[in-house]
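J.: Each chain is listed here by its residues.
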Amino acid sequence: MNGSINHPFIFSIGVNHRSSPLVVRERLSVGDAELPAVLDRFKGILDECMILSTCNRTEIYCVADPARFDKELVKKTIIDFKNAGDVTKSEHFFEYATCGAANHLFKVATSIDSMIVGDVQIMHQLKESFRIAQHNKSTGKLLNMLCQKALHTGKRVRHETTLYEGAFSVSFASVELAMKIFGSLEDKTVMVIGAGETAELTAKNLIRKDVKKIIVTNRTRANAEAMLEGLNRDHRFESEIVDFDNFKSKIPETDIIISSTGAKDYILGYKDMKELISRRMDLPMLIIDIAIPRDIDPKIDKLDNVFLKNIDDLEDIVNSDYEKRMKIIPDVKEIINQELLEFLVWYYSIPFLPAIQHILKNSANGMAAKHRIIRLRENLAENISTVHRALIENEDSFTADEINSHNRLMEKLHEIQNDVLNHGEIIEN
Amino acid sequence: MILVSLVVLNIVYFVFRIASYGHAPITTIFEIMSLMSFGLVLTYLYIELKTKETDTGFFIMLTAGLLEIISFAFIEELKDIKPVLRTWILGIHVSAAIIGYSGIIMSGIYGFLYLRLYKKIKRNRVDSFFKKLPSLKLLSTLTRSSISFGFIFFTFTIVQGFIWLPKAIDNFSYLDPKLISSTIIWFLYLGGYIGILTKRFRINTLMRLALAGAVFSVLSMMFVNIFLKSFHNFY
Numbered sequence: 001m002n003g004s005i006n007h008p009f010i011f012s013i014g015v016n017h018r019s020s021p022l023v024v025r026e027r028l029s030v031g032d033a034e035l036p037a038v039l040d041r042f043k044g045i046l047d048e049c050m051i052l053s054t055c056n057r058t059e060i061y062c063v064a065d066p067a068r069f070d071k072e073l074v075k076k077t078i079i080d081f082k083n084a085g086d087v088t089k090s091e092h093f094f095e096y097a098t099c100g101a102a103n104h105l106f107k108v109a110t111s112i113d114s115m116i117v118g119d120v121q122i123m124h125q126l127k128e129s130f131r132i133a134q135h136n137k138s139t140g141k142l143l144n145m146l147c148q149k150a151l152h153t154g155k156r157v158r159h160e161t162t163l164y165e166g167a168f169s170v171s172f173a174s175v176e177l178a179m180k181i182f183g184s185l186e187d188k189t190v191m192v193i194g195a196g197e198t199a200e201l202t203a204k205n206l207i208r209k210d211v212k213k214i215i216v217t218n219r220t221r222a223n224a225e226a227m228l229e230g231l232n233r234d235h236r237f238e239s240e241i242v243d244f245d246n247f248k249s250k251i252p253e254t255d256i257i258i259s260s261t262g263a264k265d266y267i268l269g270y271k272d273m274k275e276l277i278s279r280r281m282d283l284p285m286l287i288i289d290i291a292i293p294r295d296i297d298p299k300i301d302k303l304d305n306v307f308l309k310n311i312d313d314l315e316d317i318v319n320s321d322y323e324k325r326m327k328i329i330p331d332v333k334e335i336i337n338q339e340l341l342e343f344l345v346w347y348y349s350i351p352f353l354p355a356i357q358h359i360l361k362n363s364a365n366g367m368a369a370k371h372r373i374i375r376l377r378e379n380l381a382e383n384i385s386t387v388h389r390a391l392i393e394n395e396d397s398f399t400a401d402e403i404n405s406h407n408r409l410m411e412k413l414h415e416i417q418n419d420v421l422n423h424g425e426i427i428e429n
Numbered sequence: 430m431i432l433v434s435l436v437v438l439n440i441v442y443f444v445f446r447i448a449s450y451g452h453a454p455i456t457t458i459f460e461i462m463s464l465m466s467f468g469l470v471l472t473y474l475y476i477e478l479k480t481k482e483t484d485t486g487f488f489i490m491l492t493a494g495l496l497e498i499i500s501f502a503f504i505e506e507l508k509d510i511k512p513v514l515r516t517w518i519l520g521i522h523v524s525a526a527i528i529g530y531s532g533i534i535m536s537g538i539y540g541f542l543y544l545r546l547y548k549k550i551k552r553n554r555v556d557s558f559f560k561k562l563p564s565l566k567l568l569s570t571l572t573r574s575s576i577s578f579g580f581i582f583f584t585f586t587i588v589q590g591f592i593w594l595p596k597a598i599d600n601f602s603y604l605d606p607k608l609i610s611s612t613i614i615w616f617l618y619l620g621g622y623i624g625i626l627t628k629r630f631r632i633n634t635l636m637r638l639a640l641a642g643a644v645f646s647v648l649s650m651m652f653v654n655i656f657l658k659s660f661h662n663f664y
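From first to last, the protein sequence lines are chains A and B. Those letters in the first sequence? Residues 1 to 429, by the numbering used here. Those letters in the second sequence? Residues 430 to 664, by the numbering used here.
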């Protein structure tokens with residue numbers, strides 16, 4: 001009796017910030033609403049499929065028979081769907097198979113493959129993409145397990161490391177400082193002086209922490225109204241527009257100031273601030289000065305309980321967090337390796353089910369069968385470890401190497417299975 | 430939950446200990462140190478339950494642990510115990526004093542943490558210490574609560590002491606060094622407490638005073654206990 005192993009492959013094909021320019025990523029980006037339609041197009045081509053699309057990546061994770069798998073057809077299908085043939089070439093796509101594909105998804109899920117390492121958002125995006133694919137009946141046993149394992153790996157990284165702590169950008173650094181000073185922002189008033197994308201983003205991030213009131217001031221009232229409209233669409237908090245000439249009168253009641261005007265000189269001097277702050281009964285104040293040149297007299301930072309941060313200060317905080325995150329990456333990779341090995345043992349065990357059933361059926365007593373199955377699993381794990389180690393040592397290996405490793409492993413596993421089925425024994429190597 | 434269980438266990442241990450030895454664990458400086466450690470944990474537990482804040486537990490437990498280790502290393506049983514140590518009124522007096530001092534020490538720890546965090550925010554030093562600490566707002570609230578909590582128990586100790594000690598002790602003297610230093614500390618904290626109630630201090634000044642007050646209190650009590658002779662030593 002001979003057992004043959006016909007094991008489906010897991011592939012990962014896609015574009016991301018490492019493989020392709022922004023214009024390609026933009027054109028191939030698939031919104032959540034489009035996902036079911038594009039997943040349907042893959043139904044005849046692939047056995048299982050899940051698509052993860054964010055601003056930095058559009059990646060197709062799929063299961064297919066390696067003999068029938070046509071990677072160029074997969075690329076063409078997504079390019080055609082997005083009508084992006086004029087900017088996209090085949091070389092813009094990365095390709096991974098089996099161990100490499102799983103390893104890549106685990107790295108994506110834990111954010112160590114992201115542009116901003118430690119960005120927790122990717123976990124939510126993966127969860128959502130997986131949910132849509134499952135709902136669309138595009139996933140099966142292999143992808144379900146792969147995605148669940150990837151999400152589990154992300155969770156482990158969150159609980160066992162500090163990768164997701166700290167500020168990723170100037171606006172996050174501002175929020176982190178505000179939380180460290182005030183604890184809660186629920187009874188706090190924020191004043192936004194001027195306009196600008198970073199100022200608006202910072203204000204938006206603070207609003208998420210449920211501030212009490214937003215005051216907006218701008219030399220052009222219409223701009224102030226437009227910004228407030230954008231910030232307070234759902235009217236969650238009190239808001240007020242103040243004439244630019246009059247904004248200082250509101251400072252005593254303000255806890256956080258975000259300033260970003262195009263003024264050439266300081267709009268708030270030390271003497272003015274000293275007088276204004278004396279009316280605040282020693283309550284702390286955070287001032288974020290994002291303007292270049294600066295809006296706020298830096299001497300103001302010398303005042304007790306006033307924390308003035310300019311763009312350099314905030315970038316210092318972001319960079320120090322970034323360096324800390326980089327130091328955590330080896331720990332994250334260790335977790336990925338553990339989870340990857342577990343996944344691979346499961347993945348490569350699937351063809352062994354007939355062998356395991358054979359042992360159970362033909363063994364005289366339960367203990368002996370159990371012992372033989374354990375030895376079979378140990379042998380399996382040992383062989384997978386060899387491939388797994390090769391993968392870790394050469395992380396950037398692409399499909400050709402990957403498929404060769406996979407084939408070597410499958411041959412080895414095939415031999416083991418035949419030994420079990422033909423001789424009822426694992427022959428020690 | 431673990432902390433609550435440990436505190437309950439410790440209380441049970443103290444009760445059995447008092448019952449079997451016939452005196453409160455206040456006969457040597459090391460017994461008092463152990464009691465002090467317990468007082469710190471008890472005070473912290475009260476504040477943790479009140480504020481739901483657990484991030485500062487490590488710093489408090491570190492201090493309590495150190496006191497306990499020193500006490501464990503040097504503790505020994507006294508053969509000759511003065512009769513006054515066997516009265517329950519003294520047990521209450523000392524317990525209140527211990528909790529009062531615990532509040533004072535904790536306010537010093539919180540004041541210190543506040544000042545460290547304040548400096549780190551001013552200098553953009555976002556390290557792991559920074560990440561571990563709660564907000565400045567909460568640290569200042571914890572400092573104020575600890576001072577108020579400690580002051581109330583300290584006041585009780587002082588009042589009870591002035592009423593009961595002259596009757597209970599033969600060689601009582603108002604010029605006793607420990608009595609004088611305790612009274613000075615009490616007056617200092619009375620000033621601080623009034624300052625908190627009337628909001629007279631700037632927040633940073635209050636934090637510095639909390640730290641200085643705690644250091645002064647601990648050092649003065651150590652100095653008095655080690656170098657000066659007092660009727661107030663029962664061992």
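For the record, the hints were derived by calculation from the structure and aren't laboratory data. Quick caveat, the model's predicted, so the values are computed rather than measured. Treat the hints loosely; a few may be bogus.
[As the list claims (entries may be wrong)] Per the computed footprint, the stretches of chain A lying under chain B, defined by three or more beta-carbons under 8 Å from a beta-carbon of chain B, are:
hint	region
1	158-166
2	170-183
3	280-289
4	301-308
5	313-322
We put the CB at the ideal spot given by N, CA and C, even for glycine.
J.: Now tell me if each hint is right for this structure.
T.: Hint-by-hint comparison with the structure:
1. 158-166: The restraint on the region 158-166 of chain A holds, since 3 of its residues have a Cβ under 8 Å from chain B and three suffice.
2. 170-183: Satisfied; 7 residues make the cut.
3. 280-289: With 3 residues closer than 8 Å to chain B, the region 280-289 of chain A meets the three-residue bar; holds.
4. 301-308: Since 4 is at least three, the answer is holds.
5. 313-322: This one holds; 5 residues, not fewer than the three required, reach chain B with a Cβ under 8 Å.
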